[in-house]
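Enquirer: Going down the list, the sequences are from chains A and G. Residue 1 is where the first sequence starts when you use this note's numbering, and the numbers rise one by one after that. Residue 1 is where the second sequence starts when you use this note's numbering, and the numbers rise one by one after that.
Honestly, the hints are just simulated from the structure, not real lab data. A quick note: this is a predicted structure, and the numbers were derived from the prediction, not measured. For each residue, glycine too, the CB sits at the ideal point set by N, CA and C. Wrong hints could be hidden among the right ones.
Simulated coverage check for chain A against chain G, where a stretch passes if three residues somewhere in it have a Cβ under 8 Å from a Cβ of chain G [stated by the list, open to error]:
#: 1; region: 43-51
#: 2; region: 76-83
#: 3; region: 103-111
A few chain A residues that don't get close to chain G, going by computed Cβ distances all over 10 Å [said to hold, decoys possible]:
#: 4; residue: Gly-27
#: 5; residue: Gln-86
#: 6; residue: Glu-87
#: 7; residue: Gly-88
#: 8; residue: Asp-92
#: 9; residue: Asp-133
#: 10; residue: Pro-171
#: 11; residue: Asp-224
#: 12; residue: Asp-230
Spelled out, the chains give:
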Amino acid sequence: MIDAEGVIKRFGPRTILRGIDLRVETGETLVIIGGSGCGKSTFLKCVIGLHHPDGGKIVVDGIEVAKLKTEAEIADYRRRFGYLFQEGALFDSMTVWENITFGLRYLTDIPSGKYRGIASDCLALVGLKDVEDFKPSELSGGMKKRVALARAIAAQPSYILYDEPTTGLDPIMTDVIADLILDLQKQLKVTAIMVTHDMKAAYKVASRIAMFHEGKVLQVAHPDIIKISDNPYVRQFVDGKSEGPIKMKLKEFEAETASNAQPDKEGS
Amino acid sequence: MISNAVGGLGKYILGAAEETGQFSFLVRSTFGWMTSYRIEWRQTLIQIVRIGVESLPVTAMTAFFTGMVLALQTGASSKHFFNEPLFVGTVVAFSLVMELAPVMTAIVVAGRAGAAIAAELGTMKVTDQIDALYTLGTDPIRYLVIPRFIAFMMVLPLLTVASDFTGIFGGYLVAHAKYQIPATVYWHDIVDQMEIRHFVHGFLKTFVFAAVVSLVSCFKGITTRGGAEGVGKSTTAAVVISMVLILVLDYFATAVLNAFGIT
Ligand SMILES: Nc1ncnc2c1ncn2[C@@H]1O[C@H](COP(=O)(O)OP(=O)(O)OP(=O)(O)O)[C@@H](O)[C@H]1O
Ligand SMILES: [Mg+2]
């Protein structure tokens, strides 16, 4: 169980997370949706310990992330997690199979002779084959994403944090990946948090859906309830409409970035 | 205007202080981890080969020409004062072994391997690969910094010794071709004067330089921010800071070694 209470995260003067309360029960897949830049990735990074929250706490299986001290404790905590980075974050100096099995050395006791076989198995799960010896730079965007996914699940973690696992994939592959995530949940009892903008995949895999807005959780509910939510923000988001309460912010944001970008252009 | 400047200065000092703090944290963790953890020897070996192979041609070339120009200058001035070229080998060898080979080799390696490290680690940082190391159960210090640190500590002294020899050889070629100094004279000018402690003096300094260049380059790399531009900035900063620190620390290292009588 992942239990976040009042998580606050600031970057310099900007407060990105303004008190996130969220509980992920063991065995469920919680999907996080929300506008670009609202702090979804930041929250995932807080959960695994890449970012340290400025307030609140995150407790996983009774262990508080911020209180981990010794290397052994931190290693033990990390061992529970698989993490799919939004941009993949594949090691570009290594081949695909070295990438996938990189964590096994540190996270498991599996002998290195079995690594290559494990890499092929993981690749098959994400619908890839015969790419073991490629370098990440030789792969397409969607292939990179799937290799990164294979790497996240290779050590068979009990928690998986997916940051946009289906972005950049074609519709069929999106469904394949959604099925894979469902399978991992059903068969291996993986507890997962998945960030996505893809409502179809969200409805398919979610046990519950949480909508983030301006650093807070707006609503957490079963997908069927989200579908008929009467919260205007949630409505607008799941329907993907430009009209609605979130519009104003977007316009402001665009105006702001446009005026920020101007002097930059002249400068360069 | 003035308050702006003061504010800017304050920010700069705060930034510098924060960076110094982060850097000392990196240094402490590097030494702490080296004593308490399994060292990644495979990575270390890869780095040794890479740093050595990348740098040797440039450092050898630099030392070769430095030795040549030292011989040329020494020969010219001693001819001017004494009407014959005296002690060319002595001047060339002492200058190289005690000062120029360690310093120039370190500077060239900072520009070559230090820049490569900062750029590589910086790119890894801005593409989340450093964070990925963490999620996969290791750590940038253990997996990236310590192997590079050890590699530098092993390779830079060797490169410096190679520079000593190529420089002395370069000096000999000029001494022989331009001033007709026979090999035996040139050689005796060196071995009759030089003692082990002179060599040790230069050799010990290379460890200081190796530590500085590797740690500064790694630090600049893994604290990179902001995309391709950030990588460029880190790389430049790594090289500039390394070079300045090499020259500054050279003075202090020399002073300390002199105090211990290793001169
Ligand atoms: N390391 C960082 N330093 C400073 N600001 C950051 C950092 N990481 C994220 N931010 C800021 O935090 C905000 C939230 O970023 P985050 O990546 O969590 O958004 P997101 O919800 O995942 O968006 P998207 O859907 O586009 O991926 C952004 O405005 C971003 O500028
Ligand atoms: Mg994100």
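Enquirer: For every hint, state whether the structure bears it out.
Expert: These are the hints, each one checked on the structure:
1. 43-51: With 4 residues closer than 8 Å to chain G, the region 43-51 of chain A meets the three-residue bar; holds.
2. 76-83: holds (count 5)
3. 103-111: Holds: 4 residues of the region 103-111 of chain A have a Cβ under 8 Å from chain G.
4. Gly-27: 22 Å, holds
5. Gln-86: Answer for Gln-86 of chain A: violated, closest chain G Cβ roughly 8 Å.
6. Glu-87: 6 Å, violated
7. Gly-88: 8 Å, violated
8. Asp-92: Non-interface label fails for Asp-92 of chain A: nearest chain G Cβ at 7 Å, not farther than 10 Å.
9. Asp-133: 18 Å, holds
10. Pro-171: 27 Å, holds
11. Asp-224: 33 Å, holds
12. Asp-230: Asp-230 of chain A clear of chain G: closest Cβ-Cβ about 38 Å, beyond 10 Å.
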